[in-house]
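Chemist: Got chain A; can you put chain B on it based on the hints?
Read off the chains here:
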Amino acid sequence: MEEIHLNNSVQEAHYILKQVKKYFKPGIKARYYILVVNDRFDHTFNFFFNIFKPKHFSRSIPLHRIKCYSLDYLENLIKELQQETQLTINFVLFENQRWPSTNQLISYKRSVKD
Amino acid sequence: MNYQDEPHGVFFMIDNKSFYASVESIKRGLNPLKSVLVVMSEQKNTNGGLVLAASPSAKRIFNIKNVDRHYDLPDDPKLLVVPPRMNLYIEKNLVINKIFNRFVAETDLYPYSIDESILDLTHSWKLFGSSPLEVARLIQKTVRKETGLYTTIGIGENPIQAKLALDIYAKKSPLLISKVSYDNFGSKFWNITELTSFWSIGKKTAKRLKKLSINSLFDLAHTNPFRLKKEFGIIGTQLFALAWGIDRSNLCEFLNVKNPSVGNSQVLPRDYIKQSEIEVVIKEIGQQVAARIRHIGRVTGCVHLGIGFSLSSIEHGYSGFAHELKILPTDNTQLLTEQLLFIFRSFWQGEPIRHVAISYSQLSPKLGDQLSLFENTNLQLKKIMFNSLIDRIRERFGVEAIMYANSLLKGGTFIQRQSLVGGHNGGNSFE
Numbered sequence: 001m002e003e004i005h006l007n008n009s010v011q012e013a014h015y016i017l018k019q020v021k022k023y024f025k026p027g028i029k030a031r032y033y034i035l036v037v038n039d040r041f042d043h044t045f046n047f048f049f050n051i052f053k054p055k056h057f058s059r060s061i062p063l064h065r066i067k068c069y070s071l072d073y074l075e076n077l078i079k080e081l082q083q084e085t086q087l088t089i090n091f092v093l094f095e096n097q098r099w100p101s102t103n104q105l106i107s108y109k110r111s112v113k114d
Numbered sequence: 001m002n003y004q005d006e007p008h009g010v011f012f013m014i015d016n017k018s019f020y021a022s023v024e025s026i027k028r029g030l031n032p033l034k035s036v037l038v039v040m041s042e043q044k045n046t047n048g049g050l051v052l053a054a055s056p057s058a059k060r061i062f063n064i065k066n067v068d069r070h071y072d073l074p075d076d077p078k079l080l081v082v083p084p085r086m087n088l089y090i091e092k093n094l095v096i097n098k099i100f101n102r103f104v105a106e107t108d109l110y111p112y113s114i115d116e117s118i119l120d121l122t123h124s125w126k127l128f129g130s131s132p133l134e135v136a137r138l139i140q141k142t143v144r145k146e147t148g149l150y151t152t153i154g155i156g157e158n159p160i161q162a163k164l165a166l167d168i169y170a171k172k173s174p175l176l177i178s179k180v181s182y183d184n185f186g187s188k189f190w191n192i193t194e195l196t197s198f199w200s201i202g203k204k205t206a207k208r209l210k211k212l213s214i215n216s217l218f219d220l221a222h223t224n225p226f227r228l229k230k231e232f233g234i235i236g237t238q239l240f241a242l243a244w245g246i247d248r249s250n251l252c253e254f255l256n257v258k259n260p261s262v263g264n265s266q267v268l269p270r271d272y273i274k275q276s277e278i279e280v281v282i283k284e285i286g287q288q289v290a291a292r293i294r295h296i297g298r299v300t301g302c303v304h305l306g307i308g309f310s311l312s313s314i315e316h317g318y319s320g321f322a323h324e325l326k327i328l329p330t331d332n333t334q335l336l337t338e339q340l341l342f343i344f345r346s347f348w349q350g351e352p353i354r355h356v357a358i359s360y361s362q363l364s365p366k367l368g369d370q371l372s373l374f375e376n377t378n379l380q381l382k383k384i385m386f387n388s389l390i391d392r393i394r395e396r397f398g399v400e401a402i403m404y405a406n407s408l409l410k411g412g413t414f415i416q417r418q419s420l421v422g423g424h425n426g427g428n429s430f431e
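Sequence order for the protein chains is A and B.
Going by the working numbering, the letters in the first sequence line up with residues 1 to 114, in that order.
Going by the working numbering, the letters in the second sequence line up with residues 1 to 431, in that order.
Just so you know, the hints here were simulated from the structure itself, not pulled from any lab data.
Note that the structure is predicted; figures quoted are calculated from it, not measured.
Check before you lean on any hint, since a few could be wrong.
Derived Cβ-Cβ restraints for the label pairs, each shown as a range [said to hold, decoys possible]:
id : chain 1 : residue 1 : chain 2 : residue 2 : range
1  : A       : Pro100    : B       : Lys171    : 55 to 65 Å
2  : A       : Asp72     : B       : Glu146    : 24 to 34 Å
3  : A       : Lys18     : B       : Ala105    : 42 to 52 Å
4  : A       : Tyr15     : B       : Glu146    : 26 to 36 Å
Below, in silico cross-link-like pairs of lysine to any residue (SDA-like), each with a Cα-Cα straight-line distance of 20 Å or less [stated by the list, open to error]:
id : chain 1 : residue 1 : chain 2 : residue 2
5  : B       : Lys59     : A       : Arg59
6  : A       : Lys55     : B       : Gly426
7  : B       : Lys382    : B       : Gly368
8  : B       : Lys65     : A       : His56
9  : B       : Lys78     : A       : Ser60
10 : A       : Lys53     : B       : Thr147
11 : B       : Lys65     : A       : Gln82
12 : B       : Lys44     : A       : Arg40
13 : B       : Lys78     : A       : Arg31
14 : B       : Lys78     : A       : His56
15 : B       : Lys78     : A       : Asn90
16 : A       : Lys53     : B       : Lys141
17 : B       : Lys141    : A       : Asp42
18 : B       : Lys65     : A       : Arg59
19 : A       : Lys67     : B       : Thr147
20 : B       : Lys34     : A       : Arg40
21 : B       : Lys17     : A       : Phe41
22 : A       : Lys53     : B       : Asp76
23 : B       : Lys78     : A       : Lys22
24 : A       : Lys22     : B       : Lys44
25 : B       : Lys59     : A       : Ser58
26 : A       : Lys22     : B       : Gly426
27 : B       : Lys34     : A       : Phe41
28 : B       : Lys145    : A       : Lys25
29 : A       : Lys55     : B       : Asp76
30 : B       : Lys59     : A       : Ser60
31 : A       : Lys25     : B       : Pro77
32 : B       : Lys145    : A       : Asp42
33 : A       : Lys53     : B       : Gly48
34 : A       : Lys25     : B       : Gly48
35 : B       : Lys78     : A       : Ala30
Residues from chain B that keep clear of chain A, each with C-beta distances beyond 12 Å, as calculated [what the hints assert, rightly or not]:
id : residue
36 : Arg85
37 : Lys92
38 : Tyr169
39 : Phe254
40 : Ile273
A virtual CB, placed ideally from N, CA and C, is assigned to each residue, including glycine.
Extracted from the complex, chain A is given alone in its bound form:
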């Protein structure tokens, strides 16, 4: 199996986009978004491509796992992604965390309750 060695946020963003293109198939009334999860157990940022279609079960496809666990790194990667795609990006488990460069809250939503 191919080992992926990506050295910087730009390369990782492009890899994620490549993965999105692979799984994106336009559908009627379908909703798509990229999910970014702050994995506090493994200290990674997990990317998923979620697909919702009416009267059909939903799908969530893993896109990539970012091992560089730094918000600066993630911010650069997200900026790169947003330049290339208009897809909504939802952030989960980033409560009260802010983007380093703008100090804006990353996510306003409370994501998960135990």
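Modeler: Only chain B this time, still in chain A's reference frame:
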């Protein structure tokens, strides 16, 4: 029953609740008990999709069961379907076993499956709490805190009691813990009439027990053990011991397998009808198993081929055939595949097939290569060097670095199988 001379230890059987589904839920920031998620393998041989695991909520709300098919799933957007990542689950299993290792010595920890482990806490539980129950809670909390996963624990005085406590009671108890001992074994299990819910009793065994008018564990416990032995052989005595909660197995004892074998099998993505296509698969698996025995420095004296027919073609109750052939000990791929093809051609009568299983047994250490007097020596040496070269290339650059050209033929499954772990997606392509 006098239990005085039976082993009285403290054994935990720990299971990860809906393991694959829970790992996937956590990776998505969801609570494993509340998420409505199923892990579905969509390999070609799964008929569109096979549910490998469903979260507890998916089971409750939609009545989804493991091994359900794609077409059994409800068309409801609330249900999240995700692909499997087998390598991730193996990684998580190792992390969890490392946590268990803090509570027992390495020699007292026995991984039982990808999501179950047996812990012998007889000598160490007092270090972590005032009762086994308290230690079980501590283990649950530690695993939850460090991985997010929920664990279910069966506690018993021996491994079988722990396993039954886990399977029958712990999974349904609010604390996800259940404790069984010799004292309460009968009251807990004897009145259960569904025999297949007990470990080691499958549908066929239950049917045979019913024929003997054994309808519950109570009946089993009060049947003459000699009658059971006569009917089931040594397994009859094991069943009798199970009914009384007795397990004398010593887990740290190393078992010497009488006739070990190495094998691989696969379910084909469709019905294979053409001889040439079936033979490609037989050669591929034969080569793979040959490489495995060379890797462990063994030669085989017996090849086994099992063929399963397509369900649609099963007639007269024959679901396939399995035969073995004794040969002169060898690890030579070409010789082995020749023998396998000989078995296949001798017994196959044109039935469509869906399953191929190959194993090599009567393994013995390889002491050198035995040349035949009836063949050209140089040719034999060339074949030996050829196999060894292929093995070395694969060891260094990966299995898919080099392959036989027949894998490119229609019917070949070698390339597609390289990314699979346990027959399902390893998940590396998602990393």
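Chemist: For each hint, tell me whether it holds in the structure or not.
Modeler: Hint by hint, here is what the structure shows:
1. At roughly 45 Å, the beta-carbon separation of Pro100(A) and Lys171(B) lies outside the given 55 to 65 Å, and the hint is violated.
2. One distance hint, 24 to 34 Å for the beta-carbon pair Asp72(A) and Glu146(B), holds here, with the actual separation near 26 Å.
3. In this structure the supplied range 42 to 52 Å holds for Lys18(A) paired with Ala105(B), their Cβ-Cβ distance being about 47 Å.
4. Tyr15(A) and Glu146(B) have their C-beta atoms about 29 Å apart, which keeps the hinted 26 to 36 Å range intact.
5. For the suggested pair Lys59(B) and Arg59(A), the alpha carbons sit about 17 Å apart, so the restraint of at most 20 Å is met.
6. A hinted pair counts as satisfied when its Cα atoms are at most 20 Å apart, and Lys55(A) with Gly426(B) does not qualify at roughly 30 Å.
7. For the suggested pair Lys382(B) and Gly368(B), the alpha carbons sit about 15 Å apart, so the restraint of at most 20 Å is met.
8. With a C-alpha separation of about 18 Å, the suggested pair Lys65(B) and His56(A) falls inside the 20 Å cut-off, and the hint holds.
9. Of the supplied pair hints, the one linking Lys78(B) and Ser60(A) holds, its CA atoms being roughly 12 Å apart against a limit of 20 Å.
10. Distance hint between Lys53(A) and Thr147(B) is unfulfilled; the C-alpha atoms sit about 31 Å from each other, more than 20 Å.
11. Restraint check: the Cα-Cα separation between Lys65(B) and Gln82(A) comes to about 40 Å, which exceeds 20 Å; the hinted pair is violated.
12. Using a Cα cut-off of 20 Å, the hinted pair Lys44(B) and Arg40(A) is violated, with the two alpha carbons roughly 35 Å apart.
13. Note on Lys78(B) and Arg31(A): the hinted pairing holds, with a Cα-Cα distance of about 13 Å set against a maximum of 20 Å.
14. Of the supplied pair hints, the one linking Lys78(B) and His56(A) holds, its CA atoms being roughly 9 Å apart against a limit of 20 Å.
15. About 17 Å separates the Cα atoms of Lys78(B) and Asn90(A), which keeps this hinted pair within 20 Å; it holds.
16. The straight-line distance between the Cα atoms of Lys53(A) and Lys141(B) is roughly 38 Å, outside the 20 Å bound, and the hint therefore fails.
17. The hinted pair formed by Lys141(B) and Asp42(A) meets the criterion: a straight-line CA distance of about 17 Å does not exceed 20 Å.
18. This hinted pair checks out: Lys65(B) and Arg59(A) have alpha carbons roughly 18 Å apart, not beyond 20 Å.
19. At roughly 17 Å between alpha-carbon atoms, Lys67(A) and Thr147(B) fall within 20 Å of each other, so this suggested pair holds.
20. A hinted pair counts as satisfied when its Cα atoms are at most 20 Å apart, and Lys34(B) with Arg40(A) qualifies at roughly 19 Å.
21. The straight-line distance between the Cα atoms of Lys17(B) and Phe41(A) is roughly 18 Å, inside the 20 Å bound, and the hint therefore holds.
22. For the hint pairing Lys53(A) with Asp76(B), the CA-to-CA distance comes to about 9 Å; that is within 20 Å, so the pair holds.
23. A distance of roughly 24 Å separates the Cα atoms of Lys78(B) and Lys22(A); the hinted pair therefore is violated under the 20 Å criterion.
24. For the given pair, Lys22(A) sits about 19 Å from Lys44(B) by alpha-carbon distance, which is consistent with the 20 Å threshold.
25. The suggested pairing of Lys59(B) with Ser58(A) holds, with an alpha-carbon distance near 16 Å, which does not exceed 20 Å.
26. This hinted pair checks out: Lys22(A) and Gly426(B) have alpha carbons roughly 18 Å apart, not beyond 20 Å.
27. Simply put, Lys34(B) and Phe41(A) have alpha-carbon atoms about 18 Å apart, close enough for the 20 Å limit, and the pair holds.
28. Restraint check for Lys145(B) and Lys25(A): the C-alpha separation of about 38 Å exceeds 20 Å, so the hint is violated.
29. Taking the CA atoms of Lys55(A) and Asp76(B), the gap is about 6 Å. The hint holds against a cut of 20 Å.
30. A hinted pair counts as satisfied when its Cα atoms are at most 20 Å apart, and Lys59(B) with Ser60(A) qualifies at roughly 18 Å.
31. Restraint check: the Cα-Cα separation between Lys25(A) and Pro77(B) comes to about 17 Å, which is no more than 20 Å; the hinted pair holds.
32. For the hint linking Lys145(B) to Asp42(A), the alpha-carbon distance of about 12 Å falls within 20 Å, and the restraint holds.
33. In summary, the hint linking Lys53(A) to Gly48(B) is supported, as the alpha carbons are separated by about 19 Å, within the 20 Å threshold.
34. A hinted pair counts as satisfied when its Cα atoms are at most 20 Å apart, and Lys25(A) with Gly48(B) qualifies at roughly 18 Å.
35. Distance check on the hinted pair: Lys78(B) and Ala30(A) sit about 14 Å apart at the alpha-carbon level, within 20 Å; holds.
36. The Cβ of Arg85(B) sits about 7 Å from the closest Cβ of chain A, inside the 12 Å cut-off, so the non-interface label is violated.
37. Listed as outside the interface, Lys92(B) is inconsistent with that label: its C-beta sits roughly 9 Å from the nearest C-beta of chain A, within the 12 Å cut-off.
38. Even its closest Cβ contact with chain A, about 25 Å, leaves Tyr169(B) beyond 12 Å, as expected for a residue assigned away from the interface.
39. Non-interface status of Phe254(B) relative to chain A is upheld: no Cβ of that chain comes within 12 Å, the nearest being about 34 Å off.
40. For Ile273(B), the condition that its CB be more than 12 Å from all CB atoms of chain A holds, with the nearest at approximately 31 Å.
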